[in-house]
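**Student:** Okay, here's what each chain looks like letter by letter:
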Amino acid sequence: MRRGAARDLGLPFAFLLLLCIGAFAVGKFPVSPHDLFAVLWAKLSGGASGVAPAIDAVVWNIRLPRIAAAVLVGASLAGAGSTYQGLFRNPLVSPDILGVAAGAGLGAVLGIFLSLPILAIELLAFAGGLGAVAVVYLIGAAMTGRDPILVLVLAGVAMGTLLGAAIALVKVFADPYNQLPAITFWLLGSLTSVTLPDLGAALPAILIGLAPLYLLRWRMNVMSLGDEEAKSLGVETGLLRVLFIAGATLVTSASVSISGIIGWIGLVIPHIARLAVGPEFSRLLPASMLMGAAYLLAVDTLARTMATIEIPIGVLTAFIGAPFFLWLLASSRRGWQ
Amino acid sequence: MILVADQLAIGYRGKRVGDGIDLDIRESEVLCLLGPNGGGKTTLMKTLLGLLPALAGTVKLDGEDIAHFSRARLARLVGYVPQAGTAFFPFTVMDVVLMGRAAHIGLFASPGHRDVAAADAALTSLGIVHLRERVYTEISGGERQLVLIARALAQEPRLLVMDEPTASLDFGNQLRVLDHIVALARRGMAVVLSTHDPDHVFLCGDRAALLRGGRIVALGPPAEVMTPEALGALYGVAVEVVALPDHATFTAVPARGRERR
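Same order as they appear, the protein sequences are chains A and B.
Residue numbers are given in this note's numbering: position 146 of the first sequence equals residue 146, and the series is strictly consecutive.
Residue numbers are given in this note's numbering: position 171 of the second sequence equals residue 171, and the series is strictly consecutive.
For reference, chain B alone in the conformation it holds in the complex (with noise of 0.2 Å):
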């Protein structure tokens, strides 16, 4: 068990978002979190993180409450990843991927040797070596997204949260990024990701949680908790789930003949 939260109440000072959360996260599993706009996603993840305070309970990091743990301590356990296209400067690929070295260099020094190192294994594990010198501003979203996962990589975090990693990205990248997650799970990295994709969690989530209103109306093996009953009153539509017999997967898909409310 790397995190665990415990009655966990999320929010901003002054604005409860969600409480009565209870949430452990386990070595390489991929936790996905589902929910409708405002159900409490970035919320929950900006708290496990530690950039918003507990407004109630605890998070925990190896047993111990993060609210204890300097930035650079934290960000030796957990990686984010935010959404590709915050871009501003035009640093190259490996100045980028450098920054996650942060956690691990002095405050007066620049990045070494071994952070070079350790930027290069994160370029390699995602097979995007040959980005290295190219400016992060002038490559493709797909390439952006995977070079954030390696920024994140060489922090040589346990934990790695993901908001929404494939959101505003095409097909194909989208299908890369999550093969990427998958493959990183297999090696011991624990990923928390949120998605809009049910068909996403079906294909990369060993569990799903599913937030509405802030709470955790369900959690478990996505194939147990994504029935077309929960995804119908989570996201207030008509769904069927269909199975993919050759595919050992499932679809979501909108329900014919019936509308729900």
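Bound conformation, chain A alone (with noise of 0.2 Å):
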């Protein structure tokens, strides 16, 4: 709708694809940016690329899977978080508020349990998270004549400790040898196993849960007021709530059906996003999801190179996020009021 936008999200936008080279290149093969060229012109054109079939294997096996991978689900969580911080007015509200977190969790924890295959755990996390928000959709849909805001995050809350308990309660039976430490590699999130054929799985899921978010975006402003506000000045703030929600629910659901669960991002992104290009949902949503992409393929990027054992996605974006958010508390109010 502005001029600027542009510009707002140009620079981002390019530093996103910096570290993507960037990444491409470090790791145990690096691969210089003038291979990676080559590699891809290569692909393009259909020619021989000239540089070693190893290399060639890096690029498009190793590399691009989890790049991509980085980059979709930074961008997920990010834009669920600026959605839900919206919907719900509260600027420590993050993608997991409603359950979905803990849901994914639960789902993936029981596949993990059960040894089923690869494929099946995704989609019970993806089942798993749709769920619990559905069932503390019906919830607050139950409990009318209260802040119907109110009472989704709390239930949302009771519900995610619910079923946080009844993670631990299938880690206590898990074989303690083969299943436990899947798990908690799970529940910290990591993109190491990543393949093409997982993101192709969950990209269409991905973009239909943000295609309401970005056709609504200027909408989602109104509904930033309060409901009974959007609903004075002619919004059906029911309805969009709904289709907020399941939007942001099928992007979260999805992203870490494929990552595990990674924290921080979709909390801290937005607020980061805000400070840059203001509150303004049409401009918000595409920063957050480019500043996601970018902080979480940094991110990742450390997590493979910066020790000999590769370190949980979760932990680092914990170490680095939390800190930081702290800071921002401390040091500004600019973000919200």
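Hint data in this document are derived by calculation from the structure and do not stem from the laboratory.
Glycine included, each C-beta is placed from N, C-alpha and C at the ideal position.
Hints may be right or wrong, so weigh each one.
Pairwise CB distance ranges, derived in the manner of DEER restraints [as the list claims (entries may be wrong)]:
no., chain 1, residue 1, chain 2, residue 2, range
1, B, 58, A, 326, 48 to 56 Å
2, A, 215, B, 183, 35 to 43 Å
3, B, 106, A, 144, 24 to 32 Å
4, A, 330, B, 141, 43 to 51 Å
5, B, 140, A, 168, 48 to 56 Å
6, A, 18, B, 196, 19 to 27 Å
7, B, 140, A, 92, 26 to 34 Å
8, B, 183, A, 147, 43 to 51 Å
9, B, 28, A, 330, 40 to 48 Å
10, B, 14, A, 92, 29 to 37 Å
Listed next, the stretches of chain B that the computed footprint assigns to chain A, with coverage defined by at least 3 CB atoms under 8 Å from CB atoms of chain A [stated by the list, open to error]:
no., region
11, 62-72
12, 88-100
13, 109-123
Starting from the two chains in their separate frames, assemble the complex, guided by the hints.
**Tutor:** Laid out in structure tokens, this is it:
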């Protein structure tokens, strides 16, 4: 709508592009930008790349799925986070506020516990996230006559705790040598084993979930005024809330199903984006997604290169995100009031 | 007659706050709701805005029951001015006023040139166009109240419902807001507002509705219905109403030497 939107997004986009080139380059098999472009050009033109087949394999089979996953998951979590924060008018809200993460976590943990194949684990995680939010939403809808937003958030907190207890219970019964490490790794988030087919499976759900967020982007501003004010301005808040929650939940569940639970991105990134481009959702949503993608890609690249063993990505995002969030809280009130 | 409430019962599900309310609101009129806390002012206004369903009776706009209106259609007729101070995200003043255009904009659309023009017109009519690019959370309380009025004006309604528009404003801003309300009514707007200050009713009200226990105990021109006896009964304190001869208005002051109850 406003001039300057392109400028707002141009910088983070260029930064993300540079990060991608950097992320291809580093790792156990370094790939120089020259080799990277040769490989990409060979794919596009159908000719020979002239680089070693091993490097070709690294680019296509190892780096690309992982980088694409980091970009996709980071953008999804940050986009969903900015949606939930606007919808619930609370800067401490993150994509797991309605029990998405806990629901997806229980689904995945059950899948691991039952020794199901990877695809089934992802499906269970996906279904768990959607199911948890559906239950929370139905509870909220049943309690009429109270502030609908508050009821949803509190029901989400209760549901998250309940599902957390269920996860703990499954962990108690899980085989400590085979299953427990897998469960722990998944609950801390990881992009290690993501494959291109995984991404292909999650991408449609993410795009479908993003559609209402993008199409209704201006209405989100009105929704962030709260239920009564939005209604008095002529907005059918009940319908819009369902669409926003369904969209953001779909996006979150799909990304959690491929990466495990990666915290803090959906909480912190929308704040930074709001500081950069303001709260107007038409600009906030794309800015959050670009910054989320860049942040997760940077963190994941660190996670796989900074030590000989891979560090769970959720640990890193928390180590970076939590102090940063506290600093933000202490130093600035400009992001919210 | 823009709005007519007929034998209206108001309240929340399972909790009736008031009933038997007959009320009509005309063009170019300021109707003030006056009454003690818990008297039903807010509940009545929410019902008139369609935020709460009528428990019995009807609210009609141009002769049609608002229960059958879509939100957007209702918003094009009735604008709501909440109390300033609910600011949350640091939107610019222009962004806030543009939100008043929601009922005129397609579901998937963003505001266009016509909406910006309407928002500018609303800001200009209140003399606050200089606030256009300021951040809403960083302006003063009085300015915020004016911005919320501008937002409701950008809605282009025929009736404004204002929830204590002078609450928590300093004396100068209270008078400024009241002046704007009177000016809006002179240009044809119908206004319903609630207030805790009888003097404000004397200053801007064409009619006053005294609400107590969820019922309208008196309705009419302020000078007629806001007698010392009526105000005394309304609030449970002894009150005198004093004419200010050179100002063509009245003021309510505590009664001297008398204690009611």
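**Student:** If I claimed the Cβ atoms of residue 58 of chain B and residue 326 of chain A lie 48 to 56 Å apart, would that claim hold in this structure?
**Tutor:** holds, 54 Å
**Student:** Counting residues of the region 88-100 of chain B that have a beta-carbon nearer than 8 Å to any beta-carbon of chain A, does the count reach 3?
**Tutor:** As far as the region 88-100 of chain B goes, the hint holds, because 8 residues have Cβ atoms under 8 Å from chain A.
**Student:** Does the Cβ distance between residue 330 of chain A and residue 141 of chain B fall inside 43 to 51 Å?
**Tutor:** Since the Cβ atoms of residue 330 of chain A and residue 141 of chain B sit about 26 Å apart, the hinted range of 43 to 51 Å is violated.
**Student:** Could you tell me whether the CB distance from residue 183 of chain B to residue 147 of chain A stays inside 43 to 51 Å?
**Tutor:** violated, 35 Å
**Student:** Can you tell me whether the CB distance of residue 106 of chain B to residue 144 of chain A sits inside 24 to 32 Å?
**Tutor:** Given a distance of about 29 Å, which is inside 24 to 32 Å, the answer is holds.
**Student:** Is it true that the C-beta distance of residue 14 of chain B to residue 92 of chain A lies inside 29 to 37 Å, as the hint says?
**Tutor:** holds, 32 Å
**Student:** Is 26 to 34 Å respected by the C-beta to C-beta distance linking residue 140 of chain B and residue 92 of chain A?
**Tutor:** For residue 92 of chain A against residue 140 of chain B, whose Cβ atoms are near 28 Å apart, the range 26 to 34 Å holds.
**Student:** Taking 48 to 56 Å as the hint, is the beta-carbon distance of residue 140 of chain B and residue 168 of chain A inside that range?
**Tutor:** holds, 51 Å
**Student:** Residue 18 of chain A and residue 196 of chain B, beta-carbon distance inside 19 to 27 Å?
**Tutor:** Between residue 18 of chain A and residue 196 of chain B, where Cβ atoms are some 60 Å apart, the hint is violated.
**Student:** Mind taking a look at whether chain A covers the region 109-123 of chain B? Criterion is 3 or more residues with CB to CB distance under 8 Å.
**Tutor:** holds (count 3)
**Student:** Tell me if the beta carbons of residue 28 of chain B and residue 330 of chain A are separated by a distance inside 40 to 48 Å.
**Tutor:** Since the Cβ atoms of residue 28 of chain B and residue 330 of chain A sit about 52 Å apart, the hinted range of 40 to 48 Å is violated.
**Student:** Using C-beta distances, would you say chain A covers the region 62-72 of chain B, given that this needs three or more residues below 8 Å?
**Tutor:** holds (count 3)
Of the numbered hints stated above, those contradicted by the structure are hints 4, 6, 8 and 9, listed in ascending order.
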